[in-house]
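Given the coordinates of chain A, assemble chain B onto it according to the supplied hints.
Just so you know, the sequences run in chain order A and B.
Using my numbering, you'd call the opening residue of the first sequence number 3 and step up by one each time.
Using my numbering, you'd call the opening residue of the second sequence number 9 and step up by one each time.
FYI, nobody ran anything at the bench for these hints, they're computed from the structure.
A couple of the hints might just be wrong.
Claimed, not checked - Cβ-to-Cβ under 7 Å is the rule here; a few derived chain A residues that face chain B:
hint, residue
1, D193
2, A215
3, R264
These numbers come from a predicted model, not from an experiment.
Cβ atoms here follow ideal geometry from the backbone N, Cα and C, with glycine treated the same way.
Listed here are the chains, written in short residue letters.
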Amino acid sequence: MTSGNLSGNGAGSTIDQSVIEDLAARLRQAEATGVAIAPIRDGLAGGGVQAAYAVQSANTAWHVANGRRIVGRKIGLTAKAVQAQLGVDSPDFGMLFADMEVADGEEIAQSRLMQPRVEAEISLVLGRDLTQEQLGITEVMSAIEYALPSIEIVGSRIENWNIRLLDTVADNASSGLFVLGGRPVKIDAFDWRLCGMVMERRGEQISLGAGAACLGNPLNAALWLARTMVEAGAPLRAGDIIMTGALGPMAIAAPGDVIEARINGLGSVRAVFGNE
Amino acid sequence: MAAPKVAARKPAAAKKTAAKRPARRAATKPMTKPAQGAKKKAAKPVGQSRIKTNIKALARNLDKAAQEARPIEQISATTPISLDQAYQIQKEAIALRMLRREQRAGIKMGFTSRAKIAQMGIGDLIWGRLTDGMIIEEGAPIDFSTYIHPRVEPEIAFLLKRPLSGRITPMQAMEAVEAIAPALEIIDSRYSNFKFSLEDVVADNASSSGFVTGPWQIPDFDFGNLGLVLSFNGKPVQIGSTAAIMGHPLRSLIAAARFAGEAGEPLMPGWIVMAGGATAAEPLVAGQYVELEMENMGRVAFGVSS
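Extracted from the complex, chain B is given alone in its bound form:
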């Protein structure tokens, strides 16, 4: 794989060793300040402390499920939660990663394509938080035993050079983009059988587990309809176009800025925005070689160890 064309601001650009459990390793180099908390999370006055306790406990359960690669029952099966509470759980679970010295690396968008909506039956845009502990080295193997039931999906990643927050124009979005890259995201729902409600999946950080980015390109061409081929062991399993991501991936970046603004966590220079799956996700199995080729963008790959 060619070296990134634009590497200066790449988060955690230092080579990671092929750690056994890349997604769970503590980061060694702080990159940004831990995100400041949102101030507007006013829970219902009655029973506030009990809900708070629940939120922390639910976050711990999800974090433990991820660390131990053991699925849990979906929250909504026993505990009704609101979307707002689901995002609080997500935030608490990420805070637990921060305690293990992981650092924020960006944001991921979910349910941005019709194929994903059809696959999961969920039609609202969602977002999750990325940390440097989720970064997978390009070309390196992942350890299959550290996942529950991982799937992979082809995406496009944005690398930011300016902060973005709130309602922004396409021009402001474009101006903040340092580079774009073909990317693969590994999603691994912490819920049994990959079954969840919208609130469940939001609490579970949008199923985020790991991501790997390919060569960075200066976005001086239209990336709104780039063909892509996702292959397992050289055989195509998904063929599509970046147009699947909300019609144009830049729209996903604009939505990410809006979500980040609402959460009081502006997108920061050096962060990555994973724009969302361009096709349905494909289940991973041990021993696979996973590769994404994208028109004008090169390729990105990783292996799955048995």
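Same shape as in the complex, but just chain A:
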């Protein structure tokens, strides 16, 4: 399993490593205490997105050193509307750790959450490594073992979700927890681009969409990630989980909520939030 270190080439970042370490520590502190911090983008402005990934990588390294296990990646900023909102034209990624996984229907304690919001996504699991340079879509498709319906419970260590690109990249792409559905589906058994998605809370619709909302097709997002990870020297490996990105708008999750996402052809998955 890889660390996803994007700061390996280092060149171009004009931010001092001590600043990177300091911002990384502040994000860890926020996560540990549950107290969100002010945006950190100003401190990263000189180094751009590369510096933001350096912060993310510093925390990934710290977590791995402290025993957390990486199980995959999440792709963020895959919706046109969100990209426009943040003024970017590319997705971003964050690390998935084993302890972020919640079982379908398992109650989630409020203490595990920070400003939680939910997104319905297609997740996929790789059956082989994607290590080649200049990867193509067929290589990605051939590497996918199966797909699953999933709910990503995003969170933010930044106060009031007051994020710009640098904040969210540094903050592990605003990741939180994730729930995977229990029925693996083969890659050719559903329509990746046109599959309908509806997410409900007690029968009330809170998000609607389709596969195309994720970068035109969730497979496009997967290809972007696979190429990006090869370029970063930390390629995706067999067994990795990839959360490809939201199929509709994110929705707020309140204590006590039971949220169900249904993706046509993939089935359903539930995120259950405890009252405390």
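Showing chain B alone in chain A's frame:
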């Protein structure tokens, strides 16, 4: 575009020519008897004749606005009307189309999705009457100059093979469906700036202006969560799911039967029921190519001439 799989009962199945003003052309082939009037429209006893006059005059204004593609002030700004009166105005305005030899082709449902409710600020289900004069040929261009400020929304259309009226079960509804199709509706409020009250929009036939249906499918699969992409010139502008239509489009058909029963105008075999917009409506501009793709259902498209 593939030929309809189920074409036998398609209303006005005969190819229409790409007329300049498809929505205003007189029909040449009668299809069904003009609808019988509802008998329960008892207006208030006092001033009944004056209200009736008003209703006919208001209907004429709306009909003229549609024909001339010129917006009018919303009725509620000057004349308070009830919901019942609004439906009477709608009926009178459709009667004017009938005089021009248009024929009933079905019914449309409005405000069936949260996105539409959020867009227009109106939260009640409404319905309008469709005529064959509103049918737009699939793949053909529409003439932008014949509209006021048209918008398009993605829908699902039901083609009926049995009459439906009043309170019906989901099983009765399903049994009456011959086929379903992806569909686009052009709405074009006759009111300035697309601004209206619930009564205004009901009087204006739920903003109905034109509709186009794609390939017909036998509904032997669940159509309650079909993904859809509405594109302008190949670029997605709305992405959603048929689940937006009241949770499941079949519920819209059940509501349509109830409304039709209350109005004394049962849904008829060969009619189309437009189930309501699955996303917010998008404004049309001249020169666009408009396309809807729907999961398992194919695509439907039209152009907008400049």
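We went through each hint and held it up to the structure:
no.	hint	in the structure
1	D193	holds (5 Å)
2	A215	holds (5 Å)
3	R264	holds (6 Å)
Violated hints for the displayed structure: none, as all numbered hints are satisfied.
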